[in-house]
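So the sequences go chain by chain: A and B.
Position 44 (the first sequence) corresponds to 44 in this note's numbering; numbering is contiguous.
Position 548 (the second sequence) corresponds to 1548 in this note's numbering; numbering is contiguous.
Simulated from the structure, these hints should not be mistaken for lab results.
Take the hints with a grain of salt, since some may be wrong.
Stated by the list, open to error - Label pairs and their computed distance ranges (CB to CB):
{"hint": "1", "chain 1": "A", "residue 1": "Glu29", "chain 2": "B", "residue 2": "Gln1816", "range": "19 to 27 Å"}
{"hint": "2", "chain 1": "B", "residue 1": "Lys1779", "chain 2": "A", "residue 2": "Glu22", "range": "19 to 27 Å"}
{"hint": "3", "chain 1": "B", "residue 1": "Gly1826", "chain 2": "A", "residue 2": "Ser86", "range": "43 to 51 Å"}
{"hint": "4", "chain 1": "A", "residue 1": "Gly70", "chain 2": "B", "residue 2": "Asp1752", "range": "51 to 59 Å"}
Where is the CB? At the ideal position from N, CA and C, for every residue including glycine.
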Amino acid sequence: MPVKMVEKEDVNVKEVRGLMDEIIQELSEYLMEFIPERMSFAKHSVMGPVGKLISILESGRFENKDALIGYVINVHNNTSRKRISSEGVKKLENALSKLEELRAKVNVRMWVRLMREIDYAVYKNKMERIVLGGDKDGNA
Amino acid sequence: MEELITKAIGVAKELGWELIPAKPDSRTTLFNHIINAMSIADRLIAAYESYEILEFTEHEKKVIMGALFVHDFSKSDEDIAKKMASGKLDDLPKRLKGREDVKKALSWLELNENEIEKAIDLGIQMEYPSASDFEEFLSSKPVSRKIDKILRFADRLAGIKNLDEVKNSSISKLAKPLTLEYHKVSVVRGISTQLLHRAVQKVVEKDGWIPILSTIDGTVYIGNGKFVVDYDELLTQMVNEFEEFIDSLDPDQIGSAAFGSFQHTYIKAPEFVFLNDKTAIAFWDYIGSMPSISKPKDLKPTDKKAIEALKTLKPGLNISEYNTLYKLYSSMRYLLMMGAAVLNEAEKIDKKLHEKIRENLRNSGIDVETLVSSAPKHTSPFIQVIQNVDKFLKNLNLDAYKREETINKTIEIFKKSTVNAIKSVRKIDLPLTNPTTIQLLLSELSKPKIAGSDWVNSYETYLKGKKKGTPVCPLCGGKAAKSAVKSLVGDGTESFSNLLSGGSTIGGTNKLKYCTVCELEAKLRSLIMASAEAFYVIPQCVIATNLNDLFWGEAKRKLEFSRISVSDMPSIYDLYSWAEIVLDGNFEKVSSRSYADVFRETVKNAKKNKKIREAINNVLEEYGVDIIEFAKVEGLNVESVEEVVELALKGDGKIINIFDLEKVIQGKKIAVILSSNYVVLLFERLGKQTESETVNLMRKLFAALIISRMFAASVLISEIPLSIINIETPKGAVSFPIKLGVRDFVMAYLSDGWIPFHHSEKLMRKIAALLLLERELSKLGSGSNTLYELTKMRSGEILHKIVHLSGNKMSKKRLQEIFRILKEVGD
């Protein structure tokens, strides 16, 4: 079997930019209701369940969307001062659907790259909320 | 009209015309086009008046200037500017936007009501009206032909892209009854080409031709009669230019520039030693001040060979005595090396000079033959150094234990022998002004062709090849003649080049070879600054007139002064402070401050600046009471020394000159070499030596953007400081070698290899943000390549890196500041 030396990027990032922005938006909005028990600026603490979600998605360990949502809800309820709301769950579901859509469009290499991008974008949004205001409980 | 144009510069800046393209190709800004047109008109008026062809009243001149100032006013409309920048505007509107606005702008130039009305009418008539403008166009008053001629001529000339265009019939028709001519060079090298431009201009001006416009590669003249350059006259003028240039430099600077290195070529520019007695003194003083001679290192237990040599030749001494001797022999090794090198170089330059130095040395008791034959080298074993130095000391009865005295006496002998020899030889034919080299430089003048110039066929030389070195110069492709000297041309003298003869191995004595003209350029630069970085600053405005000196004189002073940071005007080396200024939106305010303003403030703070105060005291001590007399002659009303000091502290310009305070203020070096065609800016490396070339390039790019904005000029960053530069009409603010590392980062801002003026602000803000983030990360222990890494990161990633490196402990205030900066980076 011939060795595949170069993997062609069959999708231009610009084409999925809109979808990416929507995912970032949904995840960021969901994350606003996550208030860790002990607040710090550590990425782990800031990202909470979304950090876990992204690392799972990046490695491709979950096949089932509902199982993944259940896992995130569980993490949220065990680590946040406030339990997840039904709106939060909805946002998560929306984000996951869009992530599925995105996964279907891109190859593995680009998927990993995009996950990294989503990760840092959500982190920045949450930090911005903490630092520049709007998140009364999330002050570090 | 100088005052009016100076006012126009201020008003145009105020209106923000520096960022608005003048044409859809974004090549130049509205600011540059307008100021250029006004300056050219000023020159044209002077030319027609001096030839007694046309005469203009003060009123007419003001109207012309006013009309030129407003003739492209419509382009200042923001929407139009945007469309032009994106190249989407096919049909340029010619309509003056809002007569009231235009009137207001003209009133800032202090034109009276009548002049303003006339200027606006003329401005309308200069452009072809679109349908909506017809009413205004038809109602405008008729204009005299002479005024119309100057307006159209100036506007047309301000828009030329290259010099050849001036011969187009549409332009030359406008010049009648005078004619337009130009000189042009084929290669731009830096200082030497500047001298060539100057020389040609002076020769041509003698025949009555008036320079009206300069570009990087030539100058346009207006005049009458034949446009010819006499070869012999030009050659003489070139030699004069070189001599004048060298005379303008400080002898100390020239003397020290002669030295190469103790490891490679000892004397890199021997002609500088023998230029005159002052440079010879400066050379030997510089050698005496070298740490290897004045402060040799102590003997270490690890210097086994030296210890063994000392014990063998000087048995039975204690450690302290061995240390004293070791230091003496170390210093003397280099001193004798230099003594022999001076003799050696003198022989190559002038036999008579060489003979005189030998004679003088002999008279001082030195055995010249031994000095030449057995002077130690850098690589000589220490045992040999001791033997040679001992022989030398014995002849002169010098004591090895009195190190300082022995060294000083030796330097004195060498100095006296060289100085007296120079004085006794009437005229030394120095290689720097060697006619052959200058002839080669003259052959780079492509227009007008000069009779008698001898072209060297590089191609033939290349085909024939050479056994050693490169057959053609790797910098310019000329005929290679001189082996490269590292201290002159920089690193890479033993690096592979495609120009090497097939099968030859580079290294050892087989170094790259350069042509004599490139070597000359390297020597001229080393006179000013050794191993400097270079920017070519191409004036986009006021390149046309006598205003050049006014504008660029100020720019030169500001740039030279920018080697240090004063009050709120940071040094060009302090890029972080500039980054703060850019992001705080204070760039315009700070960069438009006049040199006088900045300097006055510095002197005001002189109480804090010990060096300035010391300098004043030194001058007072040197002149004593006479300083009062001197100050009075200079027109200052002072009665006591205290008053002088007080005036100086207040920042009085004359006092500053008397006290020569500028030189006192130490800092990093920066050199500005002016000509009406372009400016060569030499400076030290920005940032740390250990940084990658990509990071260094980003710093240079930021500095270039600052300079470009500050002086409304195009800046060309040369990849190899000494290489010749591509002659092209500047197409924007900055052009630079696009290294792979910065490619992705700058691609979005590039157009035709240049960063256009309207993009320069955005890129400047982005790099400013990255610089401030880099500073933040460096404080937290990030590596030297951080600036480059930041270009590859998303803002969230940068934020995480900062927070993470701070140990997740940062104040909210600090984080808020970081978010402010991150906004500029974007996603």
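Structure-based check of all given hints:
| no. | hint | result |
| --- | --- | --- |
| 1 | Glu29(A) to Gln1816(B): 19 to 27 Å | holds (22 Å) |
| 2 | Lys1779(B) to Glu22(A): 19 to 27 Å | violated (37 Å) |
| 3 | Gly1826(B) to Ser86(A): 43 to 51 Å | violated (35 Å) |
| 4 | Gly70(A) to Asp1752(B): 51 to 59 Å | holds (57 Å) |
Against the hints set out earlier in the document, violations occur for numbers 2 and 3.
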